[in-house]
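Protein chains in written order, with the working numbering: chain A, 1 to 175; chain B, 1001 to 1793.
Please keep in mind that the hints were generated in silico from the structure rather than gathered at the bench. Computed from a predicted model, the values in this text were never measured in an experiment. Keep in mind that a hint or two might mislead.
BS3-like cross-link-like pairs, simulated, lysine-lysine; straight-line CA separation at most 30 angstroms [unchecked claim]: (1) B:Lys1027 / B:Lys1493; (2) B:Lys1027 / A:Lys133; (3) B:Lys1007 / A:Lys109; (4) B:Lys1433 / B:Lys1449; (5) B:Lys1007 / A:Lys168; (6) A:Lys49 / B:Lys1213.
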Amino acid sequence: MTSLYDEVQAAPAPGVVTRRVTIKVNGDDRTVDVEPRLLLAHLLRQGLKMTGTHSGCDSSNCGACVILFDGRPIKSCTMLAVQADGHSLETVEGLASASELHPIQEGFKEEHGLHCGFCTPGMMLAAKALLDKNNDPTEDEIRWALSGNLCRCTGYQNIVKSVLWAAKKMRAESN
Amino acid sequence: MALDEIKIGGLGASRRRVEDNRFIRGKGNYIDDIVLPGMLHMEILRSPVAHARIKSIDVSKAYDIPGVRLVLTGEMMAARNLAWMPTLSYDTQAVLATDKVRFQGQEVAAVIADDPYIAKDACEAIVVEYEQLPAIVNPMQAMAADSVVIRDDKENQPGNKVFDWEIGDKAATDKAFADADVISKMELHYPRSHPSPMETCGSIADFDRATGKLTVYMTSQAPHIVRAAVAMVAELPEHMIRIVSPDLGGGFGNKVPIYPGYVVSILASILTERPVKWIEDKTGNLISTGFGRDVYLQGELALRKDGKMLGMRMKTISDHGAFYADAQPSKFKIGLMHSTFACYDIPAAHLESVGYYTNKAPGGVAYRCSFRVTEAMFFQERMVHAAANDLGMDQAEFRRMNLVKDDMFPYRTAFGFLTDSGQYGKCLDIGMKAIGYSTYKAEQAEARKRGKLLGIGISTMTEPLGAGNSREYDILGIKMFDSAELRVHMTGKAILRTGAMNQGQGHQTTWAQIVAHELGIPADDVTVEEGDTDTAPFGMGTYASRSTPVAGAAVAMVSRKIRAKARKIAAHLLEVSEEDIEWELGRFYVRSNKERGVTIQDCALAAYSNMPDGMEPGLENNAYYDPPNLTWPFAAYFVKVEVDAETGVWDVLKVVAVDDCGVRINPMVVEGQIMGGLTEAYAMASMQYQTYDSEGNCIGANYMDYLLPTAWETPGFELHEVVTPCPHHPIGAKGVGECATVAGPAAFVNAVIDAVGHTGVRNIDMPMMPNRVYEALTTGKDISGMPPVKMGD
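Could you put the whole structure together from the sequences, leaning on the hints where they help?
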């Protein structure tokens, strides 16, 4: 191994200190050797080839890298991969099942909640964290829950509508 | 039976977006998602200082780090004649610095390594010795006689001046001012702002030694211009260069210029014979790439005492940073600044513009606007607001009196533009009704008694979009036409390619709707591709709201060429002469017997299987569209605010937007564009700006210092629609992507000024941060220029 992350089969290069971690990602246990300084977002994107989680600002401001960490939304650009050892992560790749989209994904499409799409995975996961706790949020509750995620394209109004659309569908499904 | 246009996803359908299917699954394909076999990673070392001579660069310690493959410096670029590159405005820009660094963040060296972390480590191991020079951080310093010359690399460079330009009729304007009853003046500063798309810039250069082919994946809004520039700068044959723009995570003008990182990655790939990926970090993007605005705007209006505008003159002093890297049509040194006051009937006007180099990041780009029209319309609407107050006239009525009337089109503006259509008064009426204008004055007076400060701001404008016709518009000599290529397969499905480049506007969805409208092929049956110069026809790319006015027109025109050929096929299939054939959506029929007809899909199959004798097989064509004129959408924005007198905090109570962008292809997408634009307008009015301290350190180099509004601060928007079709565009569309960013800021500022106007305050420059509003309120004085930067002890 000459690089920062590898599936366990590869041996580390001489002098490269690594640590073996096991992380549950979208329900699957993944065991990888990582350099201790590797950021979690980079492990997901480059190591595990799940590029739906985006790196936007590298300073926990923009939220493009938001994933769920044991169900809580966190910014994976400022967390080390080793900190996720033994924890459970959910990324945008885990939102849809093989056959159907999550209501949040449907809501974003129905209400035109995205333009360039770069902030969208983080937005959807921040929204999921909210809706998992509260499936009937007010507009203000949605705006507050998404206030750690920046979008430069939409002006947020349609994102709010997308989350309201999803909440409605999730309520209907839970009845 | 003709098809139902909405059902097939034609014009006017709020068709859900095709591109969303991949984005909502996290399956977009942005530059950093692309991985090529054997790919190396590049990191750029940037200058920590704004102005300095480079005394030495020692890269030896970088090579000591395992995994480092190559370190490039300016000297190595110079040996290959690549240390400098041309900008899109006939200036030169350093690729990697050789003699001096001229702004903080300038590219000094690059490391190519096995891994991005290693490349970053190695950058820190490079030792550069700088001899610091005084930093020039604004045009006033730059124009001083004793100022240090920033561009001493250029021969015959007169001080720090970039250009001196004027347009309009000076004598007629002077006369208008001599005849005026009232002269109203305004001085403003439009602060520097960075477009800051969520995704930064990046590239992957892949030079294949065996074939000689260079493929570059890059974040470009205009990939064909890049191909032409690479052919000229790197002296590679154009057919051996392939530029691919993948999904772009926003652009807003920031991804129009050609940046040093792209060029360095290309050379790195040629030297290493490996693909080389460069992904800019957020700070690199904010401190080195194309900014917008940074202009001082001064001017005055000559008025008759009844309120009629007689003349306008304006002077701009613009800051271009270290290199004149504006992206704009070459005839116009300060973009389309002279479109100011285009919606008003004003007989005489004159504009003088001077540009200066400073030790700041190079630019400026058309940040979500059609080349400096944001500054033009901001000045216009702040000037109009002040003039109405000076005359003691109502804001709306003063505008109504001077707006170009419906029956005056086509209307030649004092600067020579030809506006061709609009219903300005109607838009004003709709907005006034929606914001509650008729009862507002009483409401404001009543609220004041309770210590509440209410304000309404109006901004009306027409914006020149769709550059542009080949007589006047070119970039580096290349005319600003655009293109489309349409191939209909034998089963009636089709692929469309254009020379535009989507970055969130939804071209994959909306271009197919134009094809559906013209041919009756359901939009779902049309694949849209853009951004790959090996397959897409040559086009000038997407910026300045030019996609729909130019490339969109090309899509309509190529569809019509296809229909013309299909008509011949239909005549053959129906065994009648072409003159006896009629068209309705999706179908040709015999005039004398409407039941006898063939669908467009029948014609497509026949084009491959049963064409008339002598006809060339197949059903495909292309169109290059050279627009006869610019398009002129109109917008009227109304903002209502409440200012807290004790803190200077202002809350937005209501935003009403009335947009006339002509025919709407996809109303859902149009409204999305307007809301996005309004948010950037709110951002600029309230918090979003970049400044520099006296040493040239950029303040606003990350998202902790460069404030962008979140869902929490951003107000809601109420949208209204007026449709006046463009008379010369094939489907009557005018473009809309930028109207709200252009005209919006003045509406917010006018609203706050209206709320605090009783104190005598005439202007608060953006950003209207609470402390600035509070200071204005408590002192009754104007707040001008950038917020001051506190320097360390």
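Find the hints from earlier in the document that the structure breaks and name them by number, from lowest to highest. none
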